[in-house]
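Participant: Below are the chains, spelled out letter by letter.
2 protein chains.
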Amino acid sequence: MTATNPFTSTERRPHVEGPFHAHELGLTGRNSGILLESLRHDVTPTGLHYLLNHFDVPYVPAEAGWKVDIAGRVRNAGAVSLDAIKLLPSRTLRVTLECAGNGRGLLTPRYPSMPWTGEAVGTAEWTGTPLRDLLDRTGLLDDAMEIAFIGADRGFDRGHEHDYGRSLKREAALSEDVLLVWAMNGTPLLPQHGYPLRLVVPGWYGMASVKWLRRIEALNKPYDGFQQISSYQYRPAPDGPTTPVTLMRVKSLMVPPGIPNFYTRARMLDAGPVAVFGRAWSGGGVPVSKVEVGVDGVWREAELEPRPGPYAWSSWRFTWNAAPGEHELACRATDDNGDTQPLEPRWDSGGFGNNVMHRVQVTVR
Amino acid sequence: MTATNPFTSTERRPHVEGPFHAHELGLTGRNSGILLESLRHDVTPTGLHYLLNHFDVPYVPAEAGWKVDIAGRVRNAGAVSLDAIKLLPSRTLRVTLECAGNGRGLLTPRYPSMPWTGEAVGTAEWTGTPLRDLLDRTGLLDDAMEIAFIGADRGFDRGHEHDYGRSLKREAALSEDVLLVWAMNGTPLLPQHGYPLRLVVPGWYGMASVKWLRRIEALNKPYDGFQQISSYQYRPAPDGPTTPVTLMRVKSLMVPPGIPNFYTRARMLDAGPVAVFGRAWSGGGVPVSKVEVGVDGVWREAELEPRPGPYAWSSWRFTWNAAPGEHELACRATDDNGDTQPLEPRWDSGGFGNNVMHRVQVTVR
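Line order of the protein sequences matches chains S and B. In case it helps, my numbering puts the first sequence at residues 51 to 415. In case it helps, my numbering puts the second sequence at residues 51 to 415.
Just chain S, with the same shape it has in the complex (with noise of 0.2 Å):
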């Protein structure tokens, strides 16, 4: 698409329209998203759970021997093993996550990266240690006012050889909800998603819960590592102020009804009631207070069942009785903050954040 080097070249890609580049479909073919009937289960089956992962799977063949480095503003630096970890008292929160560029497939023009649709979201028990148990144990100093968390997955990106890091402010990074995660679902983490340990911050949108977790630094000045100052910015005009991305925005899902077509997943159903139903989540733990369900334009509210937990989606029925012929079905949900999903993408230049309503196309015989 460009003869830049991709291992030098620090500029933003140009935006795309239209058909998928090669490398987009790369990614793709890396990256796996729910399937959307998967909606139905509760916590997302094992290897449904969506994957973004910017370099490769570090190959880490046992935890015996796994230390993450304790580094920077605190009283008592060094190495602490995974097994010390695992000693402290554990939790499981039931927490769903979603990818920060979920719909950046769906914005014209799109920046070129992973050109998620909407499928990057899933739901998993995760059990860990809460971080501010170890932080505790190992003193933050008065001036820690970043904690920075760095993974063992290393590449490129826009000619900076780094790796994947991410920071959180002190007050974040001390809530009892932030875990230090070594399994998912009752089992050990799998290879693509952490092992042997990784964070997990609820609320957020999922770059900020790093896998493969190597080292904690605590910083007396802001982080400045590639994935937090010049990825995962909100960018409203495409060279316009930026604002960083943080916790996730509320949004919906609906399983398709009825049967579909292998190429184009065009949907058949038949007459006659048909149960509507999905997910919705909001970010930050704030609840989603309605769902809407929209039939050829006309809004009707959705029942809405009472969330499993802070972190966790909510379901959502609805019961149409459909007429024979095409309509399109979509939904959208509101949170307890007023935000509800736009009925238009809105726009930005790294393709973070979009929630437009989920919209499906059905014909009914």
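Hints are computed from structural coordinates only; laboratory data are not their basis. In this text the structure is predicted, and so the values were computed from the model without any measurement. Honestly, I wouldn't trust all of these hints.
No farther apart than 25 Å at their CA atoms in a straight line, the calculated lysine to any residue pairs in the SDA-like style are these [to be verified]: (1) S:Lys136 with B:Thr96; (2) S:Lys117 with B:Glu87; (3) S:Lys136 with S:Pro246; (4) S:Lys117 with B:Ala127; (5) S:Lys117 with B:Ile309; (6) B:Lys117 with B:Ala127; (7) B:Lys136 with S:Lys219; (8) S:Lys271 with S:Ala194; (9) B:Lys136 with B:Pro272; (10) S:Lys136 with S:Pro159; (11) B:Lys117 with S:His91; (12) B:Lys117 with S:Pro246; (13) S:Lys219 with S:Ala325; (14) B:Lys117 with S:Arg90; (15) S:Lys117 with S:Leu184; (16) S:Lys117 with B:Lys117; (17) B:Lys136 with B:Arg90.
Place chain B on chain S using the hints.
Facilitator: Same frame as chain S, but now just chain B:
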């Protein structure tokens, strides 16, 4: 792309070139391959085995009550419960499975379908009952010449509404290695891999291994299901004669050395001795006899380990003394039949059986 009705048009879709269409991207989002770095694992980690599912994954909340109808040219027709099948003697086989469409996306022009590059492969330990043992108890009539296997997954393809189904000739079906499988890598099948019961046909491309198995029918004539006679046919000329897709062709893949660029996946590595390694396999239980590694077009033989079973891929390894600059690495395997991977793709109208050598571009610093 075309205005034809996906539910009624029986036409093959016109071939395409260049960038990838939204429907191709959609299929890539649903159907995931392995990550090449996961070739390090003898058995593909859970969640990374390739998936090609034509229609939606059926929702099966529990295996209790699952039954398979045995019908047609048998002495004792009727439903057999999964519980009863599990009481029969079981076997565990390590099997490498590959999608017949693997490599379709590398062809020019290509058939618009799942545009696999090269990652549609995986190796698992499958546990189940030999189909033969069930058929022995059922009693095949002498005129049963084919056995058809029908799954619970239903949809449309080129105007045909059908449950996914495939058949095997009597003698192939009666091999002791064709299994009715309920466990993968020691745990119950995941929904996306055919829970609660599937067929596994070792040595064949994956289309033969019908998932969510609901019906077994013994026929005294060739099975005429859509996936048997209208799809999965080699067609070397666009409108020429066809031959059925059956056994896997010889193939090899390597773990790309070095570290990647996020977007292009271009590789960077340090000069000096580099371990180049990967896996190789063929179909029908035929062993791989040789793997060669090409460095800038010069081929040398790799070290090949004995395979761990008649249907599992073999490991190979080669040490390359990398000098700074741009290089192309490649691998190609040869099997005991004398078949070798071609240096250029063999074109096929439907994009089946492309076993071209694997090539990786690297920059050495």
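Participant: Next step is simple, just say for each hint if it's right about the structure.
Facilitator: Here is what the structure says about each hint:
1. In summary, the hint linking Lys136 of chain S to Thr96 of chain B is supported, as the alpha carbons are separated by about 23 Å, within the 25 Å threshold.
2. Taking the CA atoms of Lys117 of chain S and Glu87 of chain B, the gap is near 23 Å; set against the 25 Å cutoff, the hint holds.
3. At roughly 11 Å between alpha-carbon atoms, Lys136 of chain S and Pro246 of chain S fall within 25 Å of each other, so this suggested pair holds.
4. Distance restraint check for Lys117 of chain S and Ala127 of chain B: the Cα-Cα separation of roughly 60 Å exceeds the 25 Å cut-off, and the hinted pair is therefore not satisfied.
5. Among the hinted pairs, Lys117 of chain S with Ile309 of chain B is consistent with the structure: their alpha-carbon atoms are about 22 Å apart, no more than 25 Å.
6. The suggested pairing of Lys117 of chain B with Ala127 of chain B holds, with an alpha-carbon distance near 13 Å, which does not exceed 25 Å.
7. With a CA separation close to 54 Å, the supplied pair Lys136 of chain B and Lys219 of chain S exceeds the 25 Å bound.
8. With a C-alpha separation of about 8 Å, the suggested pair Lys271 of chain S and Ala194 of chain S falls inside the 25 Å cut-off, and the hint holds.
9. A C-alpha spacing of about 29 Å is found between Lys136 of chain B and Pro272 of chain B, which places the hinted pair above 25 Å, so the restraint is violated.
10. At most 25 Å may separate the alpha-carbon atoms for a hinted pair to count; Lys136 of chain S and Pro159 of chain S exceed this at roughly 46 Å.
11. With a C-alpha separation of about 22 Å, the suggested pair Lys117 of chain B and His91 of chain S falls inside the 25 Å cut-off, and the hint holds.
12. In summary, the hint linking Lys117 of chain B to Pro246 of chain S is not supported, as the alpha carbons are separated by about 39 Å, beyond the 25 Å threshold.
13. For the given pair, Lys219 of chain S sits about 43 Å from Ala325 of chain S by alpha-carbon distance, which is inconsistent with the 25 Å threshold.
14. Our distance criterion of 25 Å between C-alpha atoms is met by Lys117 of chain B and Arg90 of chain S, whose separation comes to about 22 Å.
15. Straight-line distance between C-alpha atoms of Lys117 of chain S and Leu184 of chain S comes to about 13 Å, which keeps the hinted pair within the 25 Å bound.
16. A C-alpha spacing of about 49 Å is found between Lys117 of chain S and Lys117 of chain B, which places the hinted pair above 25 Å, so the restraint is violated.
17. Between the alpha carbons of Lys136 of chain B and Arg90 of chain B the distance comes to roughly 32 Å, so the proposed pair goes past 25 Å and is violated.
Hint check: violations occur at hints 4, 7, 9, 10, 12, 13, 16, 17; the rest are consistent with the structure.
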